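Number of protein chains: 2
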Amino acid sequence: MYKDAALERALIWIEPGPVVLVTTRDGLKNNVMTVSWTMAIDFNGHIALTTGPWNHSFAALLRTKQCVVCVPSASLAQTVVGIGTVSGAQVDKFKHFGLTAIQAKYVCAPLIDGMLACLECCLEDFIEPYGFAILKVLRVVENDSPKDARVLHARGDGTFCADGERFDFRDLMAQKLPPGL
Amino acid sequence: MYKDAALERALIWIEPGPVVLVTTRDGLKNNVMTVSWTMAIDFNGHIALTTGPWNHSFAALLRTKQCVVCVPSASLAQTVVGIGTVSGAQVDKFKHFGLTAIQAKYVCAPLIDGMLACLECCLEDFIEPYGFAILKVLRVVENDSPKDARVLHARGDGTFCADGERFDFRDLMAQKLPPGL
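Line order of the protein sequences matches chains W and G.
Following this note's numbering, the numbering of the first sequence begins with 1 at its first residue and continues without gaps.
Following this note's numbering, the numbering of the second sequence begins with 1 at its first residue and continues without gaps.
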């Protein structure tokens, strides 16, 4: 079940560098792309992402200025990779991969059911020479009972890693932690 | 021992979203900062990173237009966090944290001994309103016998994850993999 969370928590989901699924809705059609080139850029719910012109739905993001950045768990690895290997120009990826779209609150692109978190975003800026989409997160929802809480990290060579051992340095970093986290 | 690797392999190190140590050399002084806001941006050895004006050595990066991006293993977590909690304006971090600087080949900033990989970089562009440093990787060296090959991912709230289970989808992604990886 998705629960609303503070916008500042967008950082928690993007800073670790997970592979994400980015949904768009162009006209009447939902689409989704797999992206691993993302970056947290501040403590106030802004993130950057880039991909290439090979992504059909990146054009939809630029046109509609809206998307939802969804963080899948490691157990969805095969689906995540599959989504990245076919084009929304040829395939209805929601149908093909058995994804359930959930209506978002602030954007027309859908949330995907069963993710760890979804970030509803609007496109605030596009940095042309590098193809950087600067996204402002409008809403964060988090799965309050995930079966698998590990995120997935792409290594760029077709291999991936799930989260493993966790370290807690909250005490040591107390003075550096942004408010609310 | 560090061995030279193809520039295209910069992607392998940055795409997974690890915490990195970024060294600079300003005048006669080496410095190092902990950064987790990084992003791969192409297949040709360009990466982006951003941090904030609170980082003494980010100014050095902008001034000297050179740095080395070092990928530490998860077993160095405490050192990585420590480096992020003190300022190079007050402390000689190489001395304080027992880091060994190794002369780089193309930049004046040093490699750090004992990392998984080090990327010698020059600053190719700086995107002012967002503080994005666009780095061109000039040289990649990789540790050919790491005791711990897991990278570390920051979660933004003072907790961190090491790499865990690995998944291999090279066959499924064969047509999407960039040459040389």
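Since the hints were made in silico from the structure, they are not lab data.
Hints may be right or wrong, so weigh each one.
Same chains, same names: a pair is fine if it fits in one copy or spans any two.
Once the Cα atoms are required to be at most 25 Å apart in a straight line, the calculated DMTMM-like pairs of lysine to aspartate or glutamate come out as [stated by the list, open to error]:
#1 K136 x E8
#2 K105 x D4
#3 K95 x D171
#4 K95 x E8
#5 K176 x D92
#6 K29 x D168
Keep in mind that this is a model prediction, so the values were computed, not measured.
To see whether the hints hold, each was checked on the structure:
Taking identical chains as interchangeable, the C-alpha atoms of K136 and E8 lie at most 25 Å apart only when both belong to the same chain, with a minimum of 11 Å there against 31 Å between chains. Taking identical chains as interchangeable, the C-alpha atoms of K105 and D4 lie at most 25 Å apart only when both belong to the same chain, with a minimum of 11 Å there against 50 Å between chains. Taking CA atoms no more than 25 Å apart as the test, K95 paired with D171 passes between copies only; the shortest distance there is 23 Å, against 46 Å inside one copy. Within a single copy, K95 and E8 get their C-alpha atoms no closer than 32 Å, and across copies no closer than 35 Å, so neither meets the 25 Å cut-off.
Taking the shortest Cα distances, K176 and D92 sit within 25 Å of each other only across copies (20 Å), while inside one copy they are farther apart (44 Å). In this assembly of identical chains, the alpha carbons of K29 and D168 never lie at most 25 Å apart, being 42 Å within a copy and 31 Å across copies at closest.
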